[in-house]
Every structure is written in structure tokens, then in C-alpha cells.
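**Student:** Read off the chains here:
Number of protein chains: 2
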Amino acid sequence: MNLALLFEEDFVAPDRVRIRGRRLDHLKTVLKADKGHRIPVGKVNGLMGHGEVLSLTATDAELQVTLDQPPPPALPLTLILAMPRPKMFRRVLQTCASLGVKDLWLINSYKVEKSFWQTPWLSEDNLRDNLTLGLEQSKDTMMPRVHTRKLFKPFVEDELPALLTGKRALVAHPGMAAPCPSHLKTPAALCIGPEGGFTDYEVRKLEEAGCQSVHLGPRILRVETAVPVLISRLFDACL
Amino acid sequence: MNLALLFEEDFVAPDRVRIRGRRLDHLKTVLKADKGHRIPVGKVNGLMGHGEVLSLTATDAELQVTLDQPPPPALPLTLILAMPRPKMFRRVLQTCASLGVKDLWLINSYKVEKSFWQTPWLSEDNLRDNLTLGLEQSKDTMMPRVHTRKLFKPFVEDELPALLTGKRALVAHPGMAAPCPSHLKTPAALCIGPEGGFTDYEVRKLEEAGCQSVHLGPRILRVETAVPVLISRLFDACL
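Chains as they are written, first to last, in this note's numbering: chain X, 376 to 614; chain R, 376 to 614.
Incorrect hints may appear among the rest.
Identical copies go unnamed one by one, so any copy, or any two together, can satisfy a pair.
Claimed, not checked - Computed cross-link-like contacts, DSS-like style, restricted to lysine-lysine with a CA-CA straight-line distance of at most 25 Å:
(1) LYS407 x LYS489
(2) LYS403 x LYS560
(3) LYS403 x LYS462
(4) LYS542 x LYS525
(5) LYS486 x LYS528
(6) LYS403 x LYS477
(7) LYS528 x LYS407
(8) LYS489 x LYS528
(9) LYS560 x LYS477
(10) LYS580 x LYS489
(11) LYS486 x LYS418
(12) LYS407 x LYS560
(13) LYS486 x LYS462
(14) LYS486 x LYS403
(15) LYS403 x LYS542
(16) LYS407 x LYS486
(17) LYS489 x LYS403
(18) LYS580 x LYS418
(19) LYS580 x LYS462
(20) LYS407 x LYS462
Please keep in mind that the hints were generated in silico from the structure rather than gathered at the bench.
For reference, chain X alone in the conformation it holds in the complex (with noise of 0.2 Å):
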């Protein structure tokens, strides 16, 4: 928790702030932070600063805020992943929240399991913590927007062409002759498969509306560690 990110509910004034939980337990034990100490803290979807501590119980702290400092510039990207499994999912919320990315959109596939989507990590709250902790961990203060979409064809054939709308759109599949671009200076959609790739029909559709297919170097990555690569490679200096 590089910033300790508060919401609504948070606020006993419009500068004044009661925590309790995961950020009053970081507060105590990893930044030992005592009365008269500064915090950086943010408000979601808001400006960035610091919180001085104005007291610290047993169950709370109270913190005087002053929010001055725009957060990080967002991704100019809308990121499509197919469903990944739900062992995986949380640190890909979690890396995609800390990179910056601000439009999630998940997407069923062939091999997505069905299971995957039982998860309960895509309970409202859970979204809501797993990105709270990626924005903490980079100093972000935006919530990203999360969409699922369970249906494939649906997906692609009736949403995603107005999505790509003014993009450089992308599906990153092994195999495919292009290389993916880098040093983008305009916004961009990618779209990245399950476990196991797309199928080629889905590689097919995705191209159908509008979607380059482009790939990355011999080697296959899995998701966790492609998204980032992804991102890196096509913001490189957005980040």
C-alpha cells in the first residue's frame, strides 16, 4: 500500500477521514505511523496528497487530508481478456489496476471453463477490493471499469465494433504473421485469449470487427505475465 485510497463513506468531513480494517492495520504495523505522522493517501476518482494522523485507536484513525496532486495519467486502452481462471484472476485485476488500465472488459471463449465464471472474485466487493489494491500499490486514485460479457458471439458481433471506434485494435494470438506494434502515441484495444489461445474461429470474428491479429515472439506467455509484457510493450511511455 503505497497510497491508501479512500472512499465516500471514508469522509466525517470534507478533510477529515476515519479508517478502520486493512489500511488502520497497514497504518499501524508496516508504516508504524503514530499521531503527527504523514500518509500519502487518495480519493477514488479523485486527487492524490496526504493524510496526517490526528489520532489512532485500537479500531480506528482519524486523518486530516489535503488532496492537491492529480493521479497518474490513465491507459489510453481498452483491455479484452478472455475469462482467466479465477487462481489467476485476482493478480490480473490486481496488475491491471497498478498498470493503469481503466476499461476491463471480460470475455467468454471456447476454452474459458464454465466454472470460471462461478468465481467469487467477481462479486461487486471483490472487484472492488482486488483494483483498490492494485491503484494503492502504483498511486492511482481511478477505479477501472469492469464489464462482463458471457456470451462470445453477441460480444463481438453487436458491442465490440463500436468499441474499437477511433483505436488501434489488437488480438494478441501465437502464430499470427504481424508483430505487435510498440510505441503507440494513440489509444488502443487489445484483446488477449484464454489458457490455450483463442480458437480460430474466435481469431476470425475478432478480425471481423476490426481486430489485427498480431503476435508476440516465439514464446508463449501465460496471461499474468502477457499483460504486462502487452502493456510495456505498446505504452511504453505512458507508464
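Using the hints provided, position chain R relative to the given structure of chain X.
**Tutor:** Okay, now just chain R, sitting in the frame of chain X:
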């Protein structure tokens, strides 16, 4: 497992292997292979190719192997990592192996907790197993070498300068003036600190040994995210 990595002890003849355990399970349950089925294989530190299933029993499988393709190019990188927290270490090992890192140095740093060095994941067998998983993921055969150095100062003063000879040497550290370079065409050495970063003293010692301090933008990333992001940035053409 996109490739089954074969070791000396698996060979029962120059072109025949017998496999058991994890690789056998994968063959049966994920690949659902049967007699005559071909799977991608590679010989550790050697060529890649395919193995044709000759027989399959409850306890082992025998494959006839044809090895005729070179593994993907190694990354021209010496990666020097402050020893990560154990729960992160396994994943970092697998990620490094899957990205083509071949020379990994695990070093001490002020913020590396002493207990990190006690992890069973540092045993020779566990290192080999986790690096194998990374190589099998990305279809590579060249086993990375892992070096551990539990004393920071002697390593940085006595060994590091020679390691950096002929390489672009960098230490990634938040808040430095220079941005991390990209598109390197030359060999590089990259130092990455622990959670909480190297201390100022440590950064100075690394600079004295020949490293340039560079930042990676305003975001602070976990080590497991920073590794693929930095590697992708430095060597996007090699991945």
C-alpha cells in the same frame, strides 16, 4: 505445459524417453494423449522437437523423440534481483524463465527480510522445478542459471563491476531523473530492488559499480509486475 522438458535421466535410449509424474499427468489429463499422439518436447539445454507416444501405462509413458529445432533466443540480460518475498519468489522464477532470462542473481538488500533466505524454494530441486515450469510454458529448453549472494556490499564491490563489463547497466528505482531506456540492441544488466526499494546507500553503491539509475514512470509496481514490464521495455524486439 506447452512443451515437455526432458532431462538426461528421462532418456532410455538416444531417441527414447520414459516420463512419469507431473508430465505424465499432463499428457493424460490435459493433452488427453494416446498411443501415436505427438507432443512438443525439448531436451534441457538442447534442441526442441516432438515426441510420439509409443506406450502409455498407469505409471509411465514412453516417447520416441525427434529433436531438430533450436530453442528461442536467450535474452541478452543479466537480471539482478533483491531476493523477493517467498510467496512471490516462485512466480518471479517462473516468469523470468518464461521470458528468456538466463542469468539471474538474487542478492541481499536492507529491506530483504532475513527470513526470505530460508525459503525452501531456494533449494536446488525447487529452483529447477520452477524454472522448468517457466521454460515449458514458453517453449524453451535453456535452463537459467541462478546465483545467490547474501551479502550486498561484497557482491556490489567485488563481483558486480566485472558482471557489467560490455553491458548497458541499469538500476530501476522510483524517483530517478532518467527514464528507463527501451529497444536495446546491446546486452544489458538490470538491478531491481525489493518491496520498498533499495536504500539511497544501495543505489549509490550500485551507481559506483557502474549502473545508471532509471525510473519507470510515476507508478510503483510489484516486483512480479516490474520484471515483465522492464524486460518488455528493454527488449521488445527480442521477445
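**Student:** At most 25 Å between CA atoms: does that hold for LYS489 and LYS403 within a copy, between copies, both, or neither?
**Tutor:** Close across copies (21 Å), not inside one copy (42 Å); limit 25 Å.
**Student:** Using 25 Å as the alpha-carbon threshold, which applies to LYS403 and LYS477: within, between, both, or neither?
**Tutor:** Answer is neither: 31 Å inside a copy and 40 Å across each miss the 25 Å cutoff.
**Student:** Please sort LYS528 with LYS407 into within, between, both or neither, judging by C-alpha distance up to 25 Å.
**Tutor:** Intra 52 Å, inter 28 Å, cutoff 25 Å: neither.
**Student:** When Cα atoms must be at most 25 Å apart, do LYS407 and LYS560 count as within-copy, between-copy, both, or neither?
**Tutor:** neither (42 Å within a copy, 45 Å between copies)
**Student:** How would you classify LYS542 and LYS525 at a CA-CA limit of 25 Å: within, between, both, or neither?
**Tutor:** within (23 Å within a copy, 48 Å between copies)
**Student:** Are the CA atoms of LYS486 and LYS418 at most 25 Å apart within a copy, between copies, both, or neither?
**Tutor:** For LYS486 and LYS418, the Cα distance exceeds 25 Å both inside one copy (39 Å) and across copies (29 Å).
**Student:** When no copy is specified for LYS486 and LYS462, does a C-alpha distance of 25 Å or less occur within a copy, between copies, both, or neither?
**Tutor:** within (16 Å within a copy, 28 Å between copies)
**Student:** Is the C-alpha distance from LYS403 to LYS462 at most 25 Å within one copy, between copies, in both cases, or in neither?
**Tutor:** between (29 Å within a copy, 23 Å between copies)
**Student:** As a check of your reading, is LYS407 near LYS489 (CA-CA no more than 25 Å) within one copy, between copies, both or neither?
**Tutor:** between (44 Å within a copy, 20 Å between copies)
**Student:** Indicate which option fits the pair LYS580, LYS418 if close means a Cα-Cα distance not exceeding 25 Å: within, between, both or neither.
**Tutor:** neither (40 Å within a copy, 37 Å between copies)
**Student:** Using 25 Å as the alpha-carbon threshold, which applies to LYS560 and LYS477: within, between, both, or neither?
**Tutor:** So LYS560 and LYS477 pass the 25 Å test inside one copy only (17 Å; across, 32 Å).
**Student:** Within a copy, between copies, both or neither: which one fits LYS486 and LYS403 at a CA-CA cutoff of 25 Å?
**Tutor:** Cα proximity of LYS486 and LYS403: across copies only (18 Å, versus 44 Å in one copy).
Comparing the model with each numbered hint stated earlier shows that hints 2, 6, 7, 11, 12, 15, 18, 19 do not hold.
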